[in-house]
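Sequence order for the protein chains is A, B, C and D. Residue numbering for the first sequence follows UniProt numbering, starting at 1 and increasing by one per position. Residue numbering for the second sequence follows UniProt numbering, starting at 1 and increasing by one per position. Residue numbering for the third sequence follows UniProt numbering, starting at 1 and increasing by one per position. Residue numbering for the fourth sequence follows UniProt numbering, starting at 1 and increasing by one per position.
Certain hints may be false.
Since the list gives no way to pick one copy over another, a pair counts as held whenever it fits inside one copy or between any two copies.
Straight-line C-alpha distance at most 30 Å; calculated DSSO-like pairs for lysine-lysine [as the list claims (entries may be wrong)]:
| hint | residue 1 | residue 2 |
| --- | --- | --- |
| 1 | Lys143 | Lys292 |
| 2 | Lys216 | Lys120 |
| 3 | Lys47 | Lys367 |
| 4 | Lys292 | Lys335 |
| 5 | Lys152 | Lys292 |
These aren't lab readings, by the way, just hints derived from the structure by calculation. None of the values given here were measured: they were computed from a predicted structure.
Protein chains: 4
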Amino acid sequence: MTSIGIGLIGTGFMGKAHALAYRSVNAVFGDVPEVRLELLCDQPADKADAMARQFGFARATGDWREVVADPAVHIVCVTTPNKMHAEMAVAALEAGKHVHCEKPMALTLEEASRMEAAAKVSGCKTIVGYNYLANPIYQHARKLVREGAIGKPVHFRGFVDEDYQADPETAWTWRAIRAEAGLGALGDLGCHLVSLMQGLMGPVATVVADVDTVHKTRPVEGSDERRPVENEDIASALIRFESGTTGLLSTSRSAWGRKSRIGWEVHGTAGMICFEQERMNELQIYQNTGNKAADGFRTILTGPAHPPYGNFCPAPGHQLGFNDLKTIEVWNFLKSIAGGDRAYPDFEGALEFEKVIHAIDRSAARKELISIGQVSGGNPK
Amino acid sequence: MTSIGIGLIGTGFMGKAHALAYRSVNAVFGDVPEVRLELLCDQPADKADAMARQFGFARATGDWREVVADPAVHIVCVTTPNKMHAEMAVAALEAGKHVHCEKPMALTLEEASRMEAAAKVSGCKTIVGYNYLANPIYQHARKLVREGAIGKPVHFRGFVDEDYQADPETAWTWRAIRAEAGLGALGDLGCHLVSLMQGLMGPVATVVADVDTVHKTRPVEGSDERRPVENEDIASALIRFESGTTGLLSTSRSAWGRKSRIGWEVHGTAGMICFEQERMNELQIYQNTGNKAADGFRTILTGPAHPPYGNFCPAPGHQLGFNDLKTIEVWNFLKSIAGGDRAYPDFEGALEFEKVIHAIDRSAARKELISIGQVSGGNPK
Amino acid sequence: MTSIGIGLIGTGFMGKAHALAYRSVNAVFGDVPEVRLELLCDQPADKADAMARQFGFARATGDWREVVADPAVHIVCVTTPNKMHAEMAVAALEAGKHVHCEKPMALTLEEASRMEAAAKVSGCKTIVGYNYLANPIYQHARKLVREGAIGKPVHFRGFVDEDYQADPETAWTWRAIRAEAGLGALGDLGCHLVSLMQGLMGPVATVVADVDTVHKTRPVEGSDERRPVENEDIASALIRFESGTTGLLSTSRSAWGRKSRIGWEVHGTAGMICFEQERMNELQIYQNTGNKAADGFRTILTGPAHPPYGNFCPAPGHQLGFNDLKTIEVWNFLKSIAGGDRAYPDFEGALEFEKVIHAIDRSAARKELISIGQVSGGNPK
Amino acid sequence: MTSIGIGLIGTGFMGKAHALAYRSVNAVFGDVPEVRLELLCDQPADKADAMARQFGFARATGDWREVVADPAVHIVCVTTPNKMHAEMAVAALEAGKHVHCEKPMALTLEEASRMEAAAKVSGCKTIVGYNYLANPIYQHARKLVREGAIGKPVHFRGFVDEDYQADPETAWTWRAIRAEAGLGALGDLGCHLVSLMQGLMGPVATVVADVDTVHKTRPVEGSDERRPVENEDIASALIRFESGTTGLLSTSRSAWGRKSRIGWEVHGTAGMICFEQERMNELQIYQNTGNKAADGFRTILTGPAHPPYGNFCPAPGHQLGFNDLKTIEVWNFLKSIAGGDRAYPDFEGALEFEKVIHAIDRSAARKELISIGQVSGGNPK
């Protein structure tokens, strides 16, 4: 394949991130097929036209089915609201397209499972937009854990917080309706942390959880009415991994001051590794050497020694940004398409993350421990 | 009362901290009765003699019952291993002495309840060594929370970690025996966090917990044998406060790199407050003003504006130390004795903290949600 | 002008940064003329061909004069070694091209002055790659200073450090030859700080400086020889601004552990603002409110409230990266070309920065105070 | 000598710090002669009485000459305003007393030189209150530098800032009068940094300096008048050490937000060490190992591995405070008296620091480079 045609559905936060990444990937990395920005879809059609011009796509449409059907499109990027992911992704796969879908996969596990099944049948490549996995310093952390740099992992803690729903007077939107938006903080933020956690600690076996909707109602804009919020603002869970190790996680979309906090720490028998996304170019590591006068947490700044940072900048410490992670994600996807390997996380891999967040939701609702093995698309809450 | 005689039992870590605090309190604070360092007890007696000389006590003994019986002693400080607290404290109370006991109160809730009952009967004053409560910046944080500086609290997270049991090859001691040492990380570290948490969030209603003994056995010094560790290295709990608010806490004595980590964050409807004991003179606060270009976490350095810092130093930011907290604790106790009010936390107050850590232990053992109301001294696990 | 053709000379660190920025600018910002990547130059020609393919340029050449002469090229990007800047930039200006030149402008002030004169004559637009000026949080800091958020500035301190020449055994290169590379740390790093400082504090009046070549010789690769280093590893200066305010700066290319440190602090009569490039999405501000219990340094995370951050990402705190700054720089340049205004810093603006670093060099050499007014291209050291 | 009698002159900020330290030193450290708090002097006499009671001194007086003459007093602590240091210290030495004098030594170099001469003649021990030298982590840093942990030092930067004179409307006091208070920021803050710097880098050879009185006048309380400020708010200097190495320092008493900033960094050929007093229990060290993926700044928390921290607390990371440093200083002085060695910095040692700050003052006044060798007490500005 000498070039790959991209069809992008959606031009919001993630739509733009996809556009920028596909536009940059060839220049940053010289080793993947050439990308053509072929067809962009948004509604109404004149918005699609305008955004196609801005993002550099050759053509535009107001009908996503045209993207799926277009012979010049090889990859369909699904960046629409979550409730549309399943239909679009399945249609694209059935049309023989590779699918780059944003997270979370879908509103329900049932939908996500259908997507995963469709991918399996199709033989096409898939990837889900867990972009924080693409951070070179995260991959370095995984390598360190795997190589035993902190001994054997014995405990995990993770947090992902933002404050976009912290103000009690933020207006009610469809995001508060479960049937429209699915889970709350878990679906929007928590799943990212699960993706990072699993890479460090392996699969989750069981969860015991508690959730809370801090702001029970929200004002409807332009009226005196307040409407109920149906999904969680905060969720916390105690975790047992398949390895038997313990952990915990917590997520909030109502955490004032946190703009993009994704903090985690892995405790090991010989050290500890910690990370905070708001300082995404830093990793903290403590390694016991037995020299009590000298040991301490070391701050590693990302650099060319942490591939593929060097493809962006030959000098260390100069800082990658949020959008650069998407470019790496796209690079990973293009390599998988070119090379025939699976990308990570494809629909099968990402389904594991969705199972965990839905298990947390279920544990909180039923007030009982839930095994991930119990949770499946065919057995909705 | 023109002067108060101190009897100190124990000269270890906490014994020395008590000695330094009682020795300094009059000079730091001019407003409490004069302290006389009357009688010091340790074993063997010649060690007691030597330590009395070093610490400035008038007399020494090898028999703690002499301290309790001594007419010149008004306050008995109990800084011995935890399993001796109950007997000593009760004896002192029965002898009409005020008691300053180290934390945790005792090995079991039953013992702690007996201590609390004895205090009630005695009419004497008591205080338990939850020294981190004495930190001026913590008291300032409590004031801020109470005054609504971050709105209404909606979530709590807390962590207390050290690494003194992180090395798998650290030798086995009596600390690993439940009948000798009681709980593990919960008893040594977790209870501190509970004391801080309750001051910020109010009483705990229920806990759901998980604990883990990371290092199942430890080597016996001077032999090839390894013996089992009977209490937990790590404990984590999901919490519901009586207010209905959610929270979580976690503690580890096997967390490499953490030397005295006591971190907590209170999420509110209008802001957030965070603290880390390893930077014990700093408080982080975020207050939503609606000015998105300007809002951020503010680091407050402790100073004379946070009483009683100014009694130690008239210049802000110059740093209190760990031992200064004990001096403030002693000051609080002396004021309660002089003024006839209760100190905080007295045996009644501290019993609440012990209930929470034992509820966590019980929840983990039984794998079920435990109400604090269910937990009492008469109903051991 | 409906589209603008780009000619890029050089494909190294900065060449790639230019390519990425010009490739992204239209998608990030919808409000500037469309960019066409027209002609790329490097040597040998087949490298130029390969890089043109990677970066997405339409054509390639091994001869930079072809870029300057090409009628489809409107902007010539000069990212070659510093000693070639003057010849290329002047030729491009004489050919009627706008010029985007990397910093520092040239080896000598005489060259830089010639460039500035050529720009004036040409009527073309110019910009010099002081990319750190493009950081939204830096521009926010400037706005805060200008608006009096910290009162009147009374003092400045700034530092720019890296460690690429910290190892005494790093091999000797042409960079150590003054006639090839010009100044050392001042030319490579110090000039960036000067650009930031001037934006915050206004023009420099005088400097008193000291410089040091820490590693006097370096090993020649593949031989036993060591050759002398002719330019400075470290330079420091005491500054008086035209306002009469004092300041100081220091720069080192031999500062182990610093990967991209550009730290500065502006002291004002009512507060302080601080910044560190290694955490380039954060700004620290202290504002005296008279409430001693509450005041502290506040950490502002860059977000949409700091334009044009929102063009990259609608969510705050998600982090811009190093390459994003170049995209903003390019946007500024395209707006100046489209709108007919001057870009900043154009050759005239950047010449001011060059004067300051050369004044520092001269002050250190002559061991005397140097007025910026004394320093000009026609009066070389 | 079985016990040592203390006579304390002054009960302000430093007077209280001395009282607390002499009161605690025996209990913290078991290895020095017993201290008796013998005689306290302040004015008026009833204040002296009250403070003697609070601080635990046996007797009080309103006349400092009684302290100097008292046969039960072995050590005279001079904590009065700077302009009284010389007369009191010399009188005490002439009376055969050891002298513990606060910093700076005196208003002028001439006075300081007289003190130094008197000490030499007397045969008594002296120490000057450069308490930050007593920080265990600072002494550890010195050891690391001396042992080559960061190779050979090649550069130094240091800063000491507070904000007690940052507000332009802070009232005028005698501190603004040169004849009463001597130097400004240099005398109050800068000399501390010089003491730390010299321990790390060795003696200073030359300085080139600039100073500024930011707030030229201050309001006289209770009137409309403003009076001039005669000494500097800010001072900065370029330094050459006797080793030939370069450095710089800067100090401000008008730096909003800085409460006790004493920051310094030593650049070495193999690493870097940094410190900030506002986090006085932490040290930052970067050591080049050649492993670019792993190297980073390491934060060392003070603990028992950094003597004499363990005398205060057996657990690492629990935090020393400001007053603990004075206790260590007192311990050092008592050891020198008991053992017959010189304490550091005694009057001879501290005179070196005073020379540096006066050289900075003189360099700024004369606008020329000043050699420390030129500066002496007999050659006042």
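Here's how the hints hold up against the structure:
Taking CA atoms no more than 30 Å apart as the test, Lys143 paired with Lys292 passes in both settings, with 26 Å inside one copy and 15 Å between copies. For the homomeric pair Lys216 and Lys120, neither the shortest alpha-carbon distance inside one copy (40 Å) nor that between copies (43 Å) is at most 30 Å. In this assembly of identical chains, Lys47 and Lys367 lie within 30 Å of each other by CA distance neither inside one copy nor across copies; the values are 46 Å within and 55 Å between. In this homomeric assembly, Lys292 and Lys335 come within 30 Å of each other (Cα to Cα) only across copies, at 27 Å, whereas the closest approach inside a single copy is 45 Å.
In this assembly of identical chains, the alpha carbons of Lys152 and Lys292 lie at most 30 Å apart whether taken from the same copy (21 Å) or from different copies (24 Å).
Of the numbered hints listed earlier, those contradicted by the structure are 2 and 3.
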